[in-house]
Each structure stands twice: as structure tokens, then as C-alpha cells.
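K.L.:
Two chains, each in its own frame: build the complex with the hints.
Here the protein sequences line up with chains A and B, keeping their order.
Quick note on numbering: our numbering labels position 221 of the first sequence as 558, and the sequence is numbered without any gaps.
Quick note on numbering: our numbering labels position 48 of the second sequence as 79, and the sequence is numbered without any gaps.
By construction, these hints were calculated from the structure, which means they are not laboratory data.
All C-beta atoms, glycine included, are put in the ideal place defined by N, C-alpha and C.
Be aware that one or more of the hints could be misleading.
Computed footprint of chain B on chain A; a stretch qualifies when at least three of its residues, placed anywhere within it, have a C-beta under 8 Å from a C-beta of chain B [as the list claims (entries may be wrong)]:
{"hint": "1", "segment": "383 to 392"}
{"hint": "2", "segment": "412 to 423"}
{"hint": "3", "segment": "494 to 505"}
{"hint": "4", "segment": "598 to 610"}
{"hint": "5", "segment": "687 to 694"}
Here are some chain B residues the structure puts well away from chain A; computed CB gaps all over 12 Å [claimed, not checked]:
{"hint": "6", "residue": "Ser50"}
{"hint": "7", "residue": "Ser53"}
{"hint": "8", "residue": "Arg58"}
{"hint": "9", "residue": "Asn71"}
{"hint": "10", "residue": "Arg94"}
{"hint": "11", "residue": "Gly112"}
{"hint": "12", "residue": "Gly146"}
{"hint": "13", "residue": "Ala147"}
{"hint": "14", "residue": "Gln150"}
{"hint": "15", "residue": "Asp151"}
{"hint": "16", "residue": "Ile156"}
{"hint": "17", "residue": "Asp165"}
Over 12 Å on every C-beta distance to chain A, these chain B residues come out as not near it, computed from the model [stated by the list, open to error]:
{"hint": "18", "residue": "Leu76"}
{"hint": "19", "residue": "Leu81"}
{"hint": "20", "residue": "Gly99"}
{"hint": "21", "residue": "Val113"}
{"hint": "22", "residue": "Glu157"}
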Amino acid sequence: MTPLAVDGLRRSMEGVFASMLATCDAEGTPNVSMISQVHYVDSQHVALSYQFFNKTRANVMQTRMASVQITDPSTFLHHRLDLDYVDTRTSGPIFETMKAKLAGIASHHGMDGVFRLLGADIFRVVRIEAVPGPTLPPSEPRRLLASTRLACAELAAAQDLETLLDGSLRWLDVHYGIRTAMILMLDEDREHLFTVATRGYARSGVGSEVALGEGVIGVAARESTPIRIGHVTREYRYGSAITETARQAGLVSGDAQTIRFPGLSAPRSQMALPIRGTDGLLGVLFVEDEEAMRFDHEDEDALAIFADHLAARIALFRREEADEMEEAAPDPLPEQTGQTLRFHPLDQSVFLDNDYIIKGVAGAILWRLVREHRATGRTEFTTRELRLDAGLRLPAHAENLDARLILLRKRLEERRTCLSIERSGRGRFRLHLACGLTLVEADSDTGGSP
Amino acid sequence: MQSSPGTVTPLEDIAAWQSQRSGQDPRARLTPDLVALAQNGATILLGAQLDGRPTVGFGVCCRALPDGYLRIILSRSANAGVLAAIAAGGRLAATFTGAPSHRAFQVKTSRCRVGAATQDDRPEIERQANLFYDGLSEIGFTRDLAAGWLALDMADLASVELLPERVFTQTPGPGAGAELPR
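So that you can see chain B by itself, here it is in the shape it has in the complex (with noise of 0.2 Å):
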């Protein structure tokens, strides 16, 4: 598989976000792509420091609140140590990351809460998964392998709301990891 079509650069990363931020109302977190980015199959990885050592863990889909908190549907018994970091009052990252371009930004935050998971976030779940599914296929991955990584059990959902304090570029490339300054 060669270039793959809609790739991005860091450096791309950076104008499209000045030039978002330009018109855009002071309190948003995020620019209107990013906010897209984060809501439509991305891969979303989380991670948070618990009794003293890292952990990591992952997300099943991500909505966009009006408030501006990004509330993250996740696997309560999958995330026990990241869910704990929280719990614990510690801070958390979260990288969302989309395919096929490999378009990926991160958070930080030290403003997030963990909760139920409702109703209301099923079908944003089941339209998410599928989406990435789409996306992880045009990379050369089967759906079946998409939807064995992403599988989980709906009886054991949780949420985490964040909101961004600190925003960085993360795709791949010349400039990877720069912070998207407020």
C-alpha cells in the first residue's frame, strides 16, 4: 500500500489550527476539525499516572459536550487503572487518532470526572465503531479485525469527561507532538 489519500503533516496540523482559531469564540477547546476528528471513528488511547507508575488504556467513542468537555465511552474493567488515576484526582491525556490519514491530536487535562455510561450513548457507540471500522479497512485491516480490537461488552461501560487544557498535534512527521497554543 502506497500514500495513503488525505494524509496530513504536523506543520498542516498547525495552519489549519490558526486559521480556525482565528474567528473562532475564545472559550471553544478545540477547533471545529479537531472536533470532528475526535467524534468519528478516531482511535482513542488514554493515559495517567497511578501510584507513581504510568498506565495506559483506550476509549470506544468520544461526543463532544456542549460545555466543551469531551465525554469518552470506555470499558470500565478494561480501563480499571486509568479510571482509578482519575478517581485519585490525577491528570489525564487522551490522543485521538483517525484513519486512514493518521491524523492525530492529544489532550491533557487535570479537569475530568468519571460516571455512567447511558443509554443515550449507544447509538454514538454503534455509529463510532463503524466508522472506524470503515477507517482501519481502508488501512488494510479486515472489519473483523477492527471490530475484535474495539470489541467490548456493553454491560460494563463507563464514561470519563475531560476538558482540554493543553492541545499538541500528534500525527506523524516534521513538528509531531508541537502544543496548539490557546
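Here chain A stands alone, though its shape is the one from the complex (with noise of 0.2 Å):
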């Protein structure tokens, strides 16, 4: 009998195979059937998927005990574990993880709709038999420790936010061979999240939003846990569902304010881990890839270090952030020409012209921005002044800042206006005007400025 370690068995089950399951009633009759889901809990426990009232599920309910086979996918060693029944988990972590993972399974072999999970039954694992037979020599290990150990080197080493995010995911590609990624930061109203950070998309997205419990990143900013399936299901993607989401969310009218979600058209491994800070969830790291099955338990750890060292890191940030307290004097008045920039004050969008730029927090900070250039002429600014301004509706600690005015300056650069941002020192930063504006605030109708 090999000593208690399901640590040591976790790509048995990753699910490249069913594995087997058998339970008894109380009589002694036998049940045997195939389950698509063994899944690793912790070191002592696994879960079962529990989808139907049936036999198995009768006898695991009168004798609480069963036994299943297990199968690593590249040594062919067979394993078998006794366990003993816990308890069913109906919502939290484990659940929806399994969840997610079952309606990938149903989907790759044409059963859509044919698993629901109704609950993740917990065992205890009481003894675990290498099953004889032939196998095949383990793999090479990947080296994933000195790849995480390179990546949180590079994490270390940024010197401001920005570096930081749009760094991260080049990391991840350098160091893990992951081509597509992104960052979505958790929104003031703490019920979306808000993408700041893209890499290897056709087009960058940023500024997309998804809502909390939608697809793989909703569900794991909403239970904070990682999710990581290997083959996606449309009830995971993110598609038309995004588009909804923000007309839900308060914008005046359809699709000019929706910002499109860049991920993948056919991804068919996804995993998303929480960036989580002390005082709770920051915001979420995505990666994705048209392979099946392409992120497994190891790239989970890998990925969950670097994603802590990344919040770390988004924390220090902030922290110095607001030791600094700076202003800058003003400078001369601009001419007032050009283009037209209007303000809606209901979703506080911004429009160049007839360009969607970006709405909430980010646009009334912009409009924040030009109206004090208006009338003070400056140029410089503090985030300090920003989180102290009433006007800008900004929660009591605006954590997000930050992710704001890089999401903003990425999409003035983005939609090539003559507006841009950029950092100018540790918690200042400065608008650039290229040509003149006329300042239009949609709903009070008074033309010019205000």
C-alpha cells in the first residue's frame, strides 16, 4: 500500500481519460460506471461529479464508500483509491470549478446539455493502490519552477504600474510560452471587471468589461478561486453575452460605448486566476490557447505564484502611490478649436467628435481633466487630486486608480485622438493636448466650455 499522497496523482486526473467508479448498496450488489470527473480537492480528498440521482449515487449515499480507478495519461499507470463519502458541495469553488469543467466535457463529445452538475461530492481518500501492469517511463519534467522563478524576477524588477501589467504578459509569453493573455482589474462597483492589459489578440480590447460570475473569469473573480478547463464550452465563452452585460449596466444607447472583448474565436483551453490582495480581490489573470487540454495542474501552480506576486506587486504600487502628494503649477490656456468633445453625465462616456472613447470612472476623469486644462491651463495633475475629488464619484478608497488612467491612456492612443496621457512622475502624470477643443456636456446642452 502506497502511503497517502493524491498530490502525486493529479494528472491522472486532468481527465485526458474517464476514469471508473464502483459502489456497493447494503445488500453487497456492485454498480460500475465510468465518471468524467475525479477531481483533486487536496492532498487527502477528491470530488466526484454528481449529475444524476442514480444508483451510484443511492449506493454512495447508504454506504458512503467507493472505489475508483484512475489513469495517468503518459505513464499509463493505473491507480486505484478507496474512499470514504464527506459531504456534496452545491456552490463555492470546488462546485463551480467542476461545473465549468463538466460542461467542456459534455460539449467535446456532443452532450451538451446531457451533464448538469447538481453537486461535488467530497471523499476522503483512504487508500491508494498502484494497479500492476505495463506502463511507460515518466516524462521529462517542465521546468516550470525556473520558469516562475524568471517571471517573478521580471515582476521584481517594474518600476511602475503600467510596466508592470503590459510586462506580465509578456512574461508569461517569454517564460511559459503563452501567446494570449490579459488582465482584467475588478471595477469600483466591485460587480465587473475592467480589461487593462492584452497580448496576443488581433485587436487589444482594453476597456472590455465582464461581469462577476460570467464565463471563466467572472466565475473565478466571483468564487476567487482559478478555473481552468481544457475544453471551453459556449456556456464559457464570451461572445454576444458581453455586449448584453454592458447595455445592462447603465449606457445610454446600445453599442457605440461597448468596447469588444478580445479573446480568442475557438479557445479550447482556458484558465483564470484571481489577483488577490489583502483586502480581497484585485482583479483577474486570464490565459488561453486554441489547444485542448493545453494548461494543466502545474501550470495552475506556476501561474497562481506569479499571479500573487503580481498582486504584490499591484499592492506596493499603490501603497506608494499614496505617499505622494505633488502639484504641479499651471500652464498657459490652449486655443479653444478643433474637435468636439462631449460628456454624457449618465454613464459619464466620452466621445471625440463622434468616436467612442470610454465611459465610468475613466471618462469622468478625463473630462475631469480637460475642463480643469480649460479653465486653469494645466497640464500636470496628481492622482491624489483625482481621489480627493468629489465630483468624480470615485468610492471611498479607489484602489482601481491607477488601472483607470492606464486604461484611459491606452485608449486615447488607441483611437488615435490628439488627447493623450502619460506618466510624468510617481503618482502625477500629464495631458497633452494637439489640438483645440470645444467641450459639450451632452444632457445640460451648454456648448463650449462649461
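P.N.:
So this is what it looks like as C-alpha cells:
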């Protein structure tokens, strides 16, 4: 009998092969079936998917015992686990992870809608037996630990938030070969995430939004747990649902204000990892690939460490920035001609002529900056003054302000506007106007400078 | 991969059972389509109870015998628990799952016997293994993966012969697990 160490068997629980499950009723009559998921919970526990009230389920409730056989897809070593039932989860991280995986497995086998997760049955592993038989030698271990060390060193060297966020995605490519990835930050309303950095997509999609609970990213955020699936199904894909979400979030009129989510059109593997600070969720790191089962438990470990380091660096920049309190002297007044910048107070969206720029907090900030510039000629601003500006409707602890400024800077650049902002020091940034602007606040109908 | 060709439902299993039973010799334990499913590269799972706990095992080939028994060939060392349970007089469950259809049925019995595998079993092991690889390739597995899962030592084979007493549809979907009455 092998010492209890389920950790070493995680590769057998990736779901490459279906597993076998035997149970018995109180009279000792056995029942045996295939099971699509044996989910690793911790070194002592696994979870099985409860999908139907069938004989297996009745037997488990009656005798609280099961036997499963799992198979390592690279060595073909089978293991038999004796299991004792503990309880059933119908919500929370384990349930949601299994639900996402099951949807993908069902879709992969042409059985959408047939499999539905009713619960995650948690079992304690009481015995592990290696099944004798022909096996292959283990493959060369991947160098994920070395990659993680290098990637975390890069995180530690980043000097500002934008370098950190954009760099993170570059380092995922360089050190892990992950080519399509994005970082989303939690919105102040804590109901949405907004995309602040992307890499590897046809369009950046910076500023696009995902609601909590929506798809792999939204579920990972809501449950604050990594979600990893090897067969992506429509249920967890980001398409038209995003547009609808954005519309429901209080936008004034339809599609113009919606930035499309930049994800792959046909992803097969996805993983979303929470970026967690000491006070809760900061955002989500999301990676995906067109290859099925691209990310395994080891990748999840590596990227979870990476995401934790990323969180620590984000928190550090926020603290440093909060300590800085400087204000710059005003510059000369600009001309008042050229393009029209229009602000819609209802959703705080900003349009340059007819081109949608941004909405929400970032939109309010932009409007505030150009008005201030118009009134005083200032071009240098501090994040501190924005935090203190009651007119911006920032929540008490607007921890995402830096991320908002990065988002705003990228949107201005992407839309090729005559406006730009750049970081000019710790806690400071500069507004550039390459054209004259007419400012219009839509609802009040006050043309020109308010 | 989307909907697999030939996918069936438990309700279709029940209908097929009823229609084939109506003209069949009442002594027959299984319908012809289930006999065909069992003998053509199905995944064969075995369940038994040993020392008060369930134990799981697997076969590599099945032959329907003229007396109604199903002869399952399996690795002796990989199925020590199931073989010990049968030797101790315990009941046995066997589930046969076809690919790519995912059609499956389970038989349960208290009438089973353990024996040796013979030279006669070998061509059938080879033929059914090839069908097993073909079926798994159709649902996205490489032949290497399918062969690795089924790999066995030909010097380590045993046989289990069982007479189905109860039969159940095990095809995934509404109605799965329903008994197919004799």
C-alpha cells in the first residue's frame, strides 16, 4: 500500500481519460460506471461529480464508500483509490470549477445539456493502490519552477504599474510560452472587471468588461479561485453576452459604448486566476489557447504563484503612490478650436466628435482633466487630487485609479486622438492636447467651456 | 468536437430492448445488439465488493458463449480485488461502453466463475483491442493513448465468466440506469 499522497496523482485527474467508479448497495450488490471527473481537492480528498440521482448516488448515500480507478495519460499507470464520502457541495470554488469542466467535457463529447452538475461529492481518500501492468517511463519534468523564478524576478524589477501589467503578459509569453493573455481589474462597483492589458489578440480590447460570474473569468473572480478548463464550451465563452452585459450596466444607447472583448474566437483551453490582495480581489489573470487541455495542474500552480507576486507588486505601487502628494504649476491656456469632446453624465461616457472613447470612472476623469485644463491651463495632475475630487464619484478607497489611468491612456492612444496622457512621475501624470477642443456636456446642452 | 455520429439515448436503448425481446428466445439473457456491443471493442468495467468495500476492475475483451455466459478476459494482477471477490462468492457488475456512441449497458449477477485465459482467447483480444482503438480515435484519442490505457501482459491473463441476471441501460442521459426487464 502506497502512503496517502493524492498530490502525486494529479496528472491522472486532468480528465484525459474517463475514470471508473464502483459502489455497492447495503446488500453488497455492486454497481460500476464511467465517470468523467475525479477532481483533485487536496492531498487527502477528491471530488466526484454528482449529475443524476442514479444507482451510484443511491449507493454512496447508503454505504458512503466508493472505489475509483484513475489513469496517468503519460505513463498509463492506473491507480485505484478507496474513498469515504464526506459531503456534497452545491456552490463555492470546487463546485464551480467542476461545473465549468463538466460543461466542457459534455460539449467535447457532443452531449451538451445531458450532463449537469447537481453537486460536487467530496470523498476522503483512505487507500491508494498502484495497479500492476505495463507502463511507460515518466516523461522529462517541465521546468516550470525555473520559469516561475525568472518570471517573478521580472515582476520584482518593474518600476511602475503599466510596465508591470503589460510586462506580465510579455513574461508569460517569454517564460511559459503563453501567447494569448489578459489582465482585468475589479471595478469599483465590484460587479464587473475591466480589461486593462492584453497580449496576442487581433485587437487590444482594453476597456472591455466582464461581469462577475460570467464565463471563466467572471466565475474565477466571484469565487476567488482559479478556474481551468481543457475543453471550452459555449457556456463559458465570451461573445454577444458581453455586449448585453454592458448594455444592462446602464449605458445610454446600445453598441457604440461597448468595447468588444478581445478573446480568441475558438479557444479550447482557458485558465483564469484571481489576483488577490490582502483586502480581497484586485483582478484576474486570464490565459487561453486554441489547443485542448493546454494547461494542467502544474501550469495552474506556476501561474497562481505568478498572480500572487503580481498582486503584491500592484499593492506596493498603490501604497507608494498614495504616499506621494505633489501638484504642478499651471501651464498657459490652449486654443479652443478643432474637435468636440462630448460628455454624457448619465454613464460618464466621453466621445471625441463621434468616436467613443471611454465611459465610467475613466470617462469622468478625462472630462475632469480637460475641464480643469480649460479653466486653469494646467497639464500636470496628481492621482491624489483625483481621489479627493468628490465630483468624480470615486468610492472611498479608489484603489483602481492607477489601472483606470492606464486604461484611459491606452484608449486615447488606440483611438488615435489628439489627446494623450503620460505618467510624469510617481503619482503624477501629464495631459497633452495636440488640438483645440470644444467641450460639450450632453444633457445640460452647454456648448463650449462649462 | 460536436455531436458524435451514432449517439443514442437511454430511451432508445429501452425501445430497442423491447422490440428485440418480443421475438426472442426467452432463455436469451441479452438482445443481439447488446451482445454485439459487448464483443466489439467496448470499454469493460467490473465492480465487486471485497471485505465490505467496493472494488473496481476492468476487462480487455468479451466473448458471448453459447450457454448465455459472457466470458471476460482480464489482467489477473490488475484485477486481484475483483477476482478475490468472485472467488469469495460475491456478486459482480460489468458495464460495457461503446465508442463513439457512448452506448452502454450494465449486467449484474451472482453467477460467475473465474478461470484461465486460453490460446483461443488471443485472436479475439487482438481483434477487440483494435476496435477499441478505432472507437477511441473517433472521440479524439490518439491510438497510442488508447493502446496505453488497454496495455496488458499476455502472460498475466485470467477469465471471468458471468451469467447476466439483471440488465440495465447505462447510456448517458434521462432514463440512464433503467432496468431492461427480462
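K.L.:
Against this structure, judge whether each hint is valid.
P.N.:
Hints versus structure:
no.	hint	in the structure
1	383 to 392	holds (count 3)
2	412 to 423	holds (count 4)
3	494 to 505	violated (count 0)
4	598 to 610	violated (count 0)
5	687 to 694	violated (count 0)
6	Ser50	holds (24 Å)
7	Ser53	holds (27 Å)
8	Arg58	holds (23 Å)
9	Asn71	holds (17 Å)
10	Arg94	holds (20 Å)
11	Gly112	violated (8 Å)
12	Gly146	holds (20 Å)
13	Ala147	holds (18 Å)
14	Gln150	holds (21 Å)
15	Asp151	holds (23 Å)
16	Ile156	holds (14 Å)
17	Asp165	holds (17 Å)
18	Leu76	violated (5 Å)
19	Leu81	violated (9 Å)
20	Gly99	holds (20 Å)
21	Val113	violated (9 Å)
22	Glu157	holds (16 Å)
Going through the hint list in order, the structure does not satisfy hints 3, 4, 5, 11, 18, 19, 21.
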